[in-house]
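Colleague: Here the protein sequences come in this chain order: A and B.
Residue numbering for the first sequence follows my numbering, beginning at 1 and increasing consecutively.
Residue numbering for the second sequence follows my numbering, beginning at 1 and increasing consecutively.
Careful, some of the hints might be misleading.
Taking lysine-lysine pairs in the DSS-like style, the calculated list, with each CA pair at most 25 Å apart, reads [what the hints assert, rightly or not]:
id	chain 1	residue 1	chain 2	residue 2
1	B	K85	B	K44
2	B	K44	B	K76
3	B	K76	B	K121
4	A	K89	A	K166
5	B	K44	A	K383
6	B	K138	A	K300
FYI, nobody ran anything at the bench for these hints, they're computed from the structure.
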Amino acid sequence: MKTIYLDNNATSAVDSGVLAAMLPYLGSLYGNPSSLHNFGGQVAAAIEDARESVAALLGAEPDEIIFTSCGSESDNAAFWSAVQTQPEKRRLITTRVEHPAVLNVAQYWERQGYRVTYLGVDNKGRLDMDEYAAALSEDTALVSIMFANNEVGNIYPIARMAEAAKEKGVLFHTDAVQAVGKTPIDLKHLHADMLSLSGHKIHAPKGIGVFYVRRGVRFRPFLRGGHQESGRRAGTENVPYIIGLGGAAQLAADHIQKERIQVSSLRNKLENGILGQIPHCIVNGDTENRLSNTSNISFKNVEGEAILLMLDRLGICASSGSACTSGSLEPSHVLRAMGVPFTYAHGSIRLSLSCYTTEEDVDYVIEKFPKIIKTLRDISPYKD
Amino acid sequence: MWNYTEAVHDHFLHPRNAGPLSDANAIGEVGSLACGDALKLYLKITDAGVIEAASFETFGCASAIASSSVLTDMIKGMQADEALKITNRDIAAALGGLPKQKMHCSVMGQEALEAAIRQWKGEPPVPHALEDGALVCKCFGVMDAQIIRAICENGLKTIEEITNYTKAGGACGECTDTIAKILAETITPLAEIKPKARMTNVARMQRVLKILDEEIRPRLATDGGDIELVDVDGNRVIVSLRGRCSHCRSSSVTIHNLVERLLREHVDTDIIVEEA
Numbered sequence: 001m002k003t004i005y006l007d008n009n010a011t012s013a014v015d016s017g018v019l020a021a022m023l024p025y026l027g028s029l030y031g032n033p034s035s036l037h038n039f040g041g042q043v044a045a046a047i048e049d050a051r052e053s054v055a056a057l058l059g060a061e062p063d064e065i066i067f068t069s070c071g072s073e074s075d076n077a078a079f080w081s082a083v084q085t086q087p088e089k090r091r092l093i094t095t096r097v098e099h100p101a102v103l104n105v106a107q108y109w110e111r112q113g114y115r116v117t118y119l120g121v122d123n124k125g126r127l128d129m130d131e132y133a134a135a136l137s138e139d140t141a142l143v144s145i146m147f148a149n150n151e152v153g154n155i156y157p158i159a160r161m162a163e164a165a166k167e168k169g170v171l172f173h174t175d176a177v178q179a180v181g182k183t184p185i186d187l188k189h190l191h192a193d194m195l196s197l198s199g200h201k202i203h204a205p206k207g208i209g210v211f212y213v214r215r216g217v218r219f220r221p222f223l224r225g226g227h228q229e230s231g232r233r234a235g236t237e238n239v240p241y242i243i244g245l246g247g248a249a250q251l252a253a254d255h256i257q258k259e260r261i262q263v264s265s266l267r268n269k270l271e272n273g274i275l276g277q278i279p280h281c282i283v284n285g286d287t288e289n290r291l292s293n294t295s296n297i298s299f300k301n302v303e304g305e306a307i308l309l310m311l312d313r314l315g316i317c318a319s320s321g322s323a324c325t326s327g328s329l330e331p332s333h334v335l336r337a338m339g340v341p342f343t344y345a346h347g348s349i350r351l352s353l354s355c356y357t358t359e360e361d362v363d364y365v366i367e368k369f370p371k372i373i374k375t376l377r378d379i380s381p382y383k384d
Numbered sequence: 001m002w003n004y005t006e007a008v009h010d011h012f013l014h015p016r017n018a019g020p021l022s023d024a025n026a027i028g029e030v031g032s033l034a035c036g037d038a039l040k041l042y043l044k045i046t047d048a049g050v051i052e053a054a055s056f057e058t059f060g061c062a063s064a065i066a067s068s069s070v071l072t073d074m075i076k077g078m079q080a081d082e083a084l085k086i087t088n089r090d091i092a093a094a095l096g097g098l099p100k101q102k103m104h105c106s107v108m109g110q111e112a113l114e115a116a117i118r119q120w121k122g123e124p125p126v127p128h129a130l131e132d133g134a135l136v137c138k139c140f141g142v143m144d145a146q147i148i149r150a151i152c153e154n155g156l157k158t159i160e161e162i163t164n165y166t167k168a169g170g171a172c173g174e175c176t177d178t179i180a181k182i183l184a185e186t187i188t189p190l191a192e193i194k195p196k197a198r199m200t201n202v203a204r205m206q207r208v209l210k211i212l213d214e215e216i217r218p219r220l221a222t223d224g225g226d227i228e229l230v231d232v233d234g235n236r237v238i239v240s241l242r243g244r245c246s247h248c249r250s251s252s253v254t255i256h257n258l259v260e261r262l263l264r265e266h267v268d269t270d271i272i273v274e275e276a
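Excised from the complex, chain A in its bound form (with noise of 0.2 Å):
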């Protein structure tokens, strides 16, 4: 059974060239790059070239970029270096949509006694800069807000809150975990201070993530112990995913406009295609500004779980945020914040596409679609 892989926000399938990159750094290139022999010495160099196609992909300098183990520490880092080097500062700002490696991270500074402000979100899950405009104090220690939910697919006002913190002399963060490669980054005119990566998001394996500091931020290491990463990030490099890394931030910079134009119409084909067929379903998000490759749709009065598993026989695979997927109880935080009624809520499904679908893909999902919400409805106490 053919595969059809609509789960690229859960993670992507590593590039073919990615791959074969990486391969010499698993066997006859092993050598250490701290070394002073030239068997290590030409892997530092290769290091030095994926530590460049990274921040040419960001619009970053090489010395900004830190590789880190995967888009979690770098988030956790990001908080530990703005409350380490800013002792006087007790607060915090995030929102209530952030990904689990940003939210759970607030919590915990929460109750170590920080005033954390969870920004809400409306109906879209759009962001009120009002309320960002009033929370944000010069005794801010840190704002961190995704640059795309990961969920629905919003692409944030990134620009304008970094903007806003810089003003105040604040600390921006942005977890970008989503957003790299599916819409443009460039730091030279967007004044965050600290960005998270992760690698197997963009065709490069899981396990490599990057860490950007800009230059002139004060930084405290969240990992102590050797010099690799010019003291900022202690430990043996992980050499073949950095270099694989490297690799699909190459491809990523080249695929940009590609992934944008041929991913969003295979996008929005799909969705329309669902709901032009189906009745009875919302596009969760903001459809006016959001990942090209995300659709999240909610199918009233089915619940999401059961949809997956249908999906999955004909090797379908994407994601729910409904509550039975996770072992919760309760729909995701994220449709919660947005206040989606909870006869939606519960039958959500999240399909995220790659520059890898292709249009038979989108074409069998829509075919097959419409028979799996017929026969869950049918079975459903509620009809209307």
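Start from chain A and add chain B according to the hints.
Modeller: Leaving out everything else, chain B in the frame of chain A:
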């Protein structure tokens, strides 16, 4: 992804007896859209009390649909009174087991079955004990009696297990302390519970006096107050507050929260304390 058994997959993908039953004479409904799952169970029960036909409509995840489906298969041809003996564990076992976080799906099946048979018998959908009980989990509308039943029938030992079986405490978590209290009270070994032997009036009076002396007076004394026993009449204990307690504005609070509570705890659970 959940590690569902083959039987769960089979019942989910090929549900038995799905859809309404036009000539049903008993219907049990549990759950709601807000809670994330709901089951409407239709039964046709003969005059002789045999479940002749059963069908279901379910809104919920794969395990909710599978639990409903397997239940309708299990009860067809059964005597209604026999069917009432089916527990949620039987439903889960018929599916070869459910993931622990999904056990509440089997509980939903059992509750719908019970509600349907009660309706057929002309009884209210839930026993009075349930209706009169306390609402513990506001998010999912779970009563104390439902929690106690799940604890007893499944041998639950932790709050997490109670949430898995009843959903109680699974959302805002505000009721976690109450659940912990119910759990502690329910799993106290029977031997530790004071036997509720019939007490003679003299024995009752002696015990009341003893508790007043040993437990209640010392506490009132710290506030400069005292208490006197006026009379014991069956389960009614009439007292009079003395000292600073006598003109305290919260005397009725003292009577109920302290005196009555301690007497119920140490003497008899149905004691009513009145002020002379």
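Colleague: Each hint should be assessed against the structure and marked as holding or not.
Modeller: Results for each hint:
Under the criterion of a C-alpha separation no larger than 25 Å, the hint pairing B/K85 with B/K44 is consistent with the structure, at around 18 Å. The suggested pairing of B/K44 with B/K76 holds, with an alpha-carbon distance near 9 Å, which does not exceed 25 Å. Taking the CA atoms of B/K76 and B/K121, the gap is about 18 Å. The hint holds against a cut of 25 Å. Among the hinted pairs, A/K89 with A/K166 is consistent with the structure: their alpha-carbon atoms are about 15 Å apart, no more than 25 Å.
The straight-line distance between the Cα atoms of B/K44 and A/K383 is roughly 22 Å, inside the 25 Å bound, and the hint therefore holds. At most 25 Å may separate the alpha-carbon atoms for a hinted pair to count; B/K138 and A/K300 meet this at roughly 24 Å.
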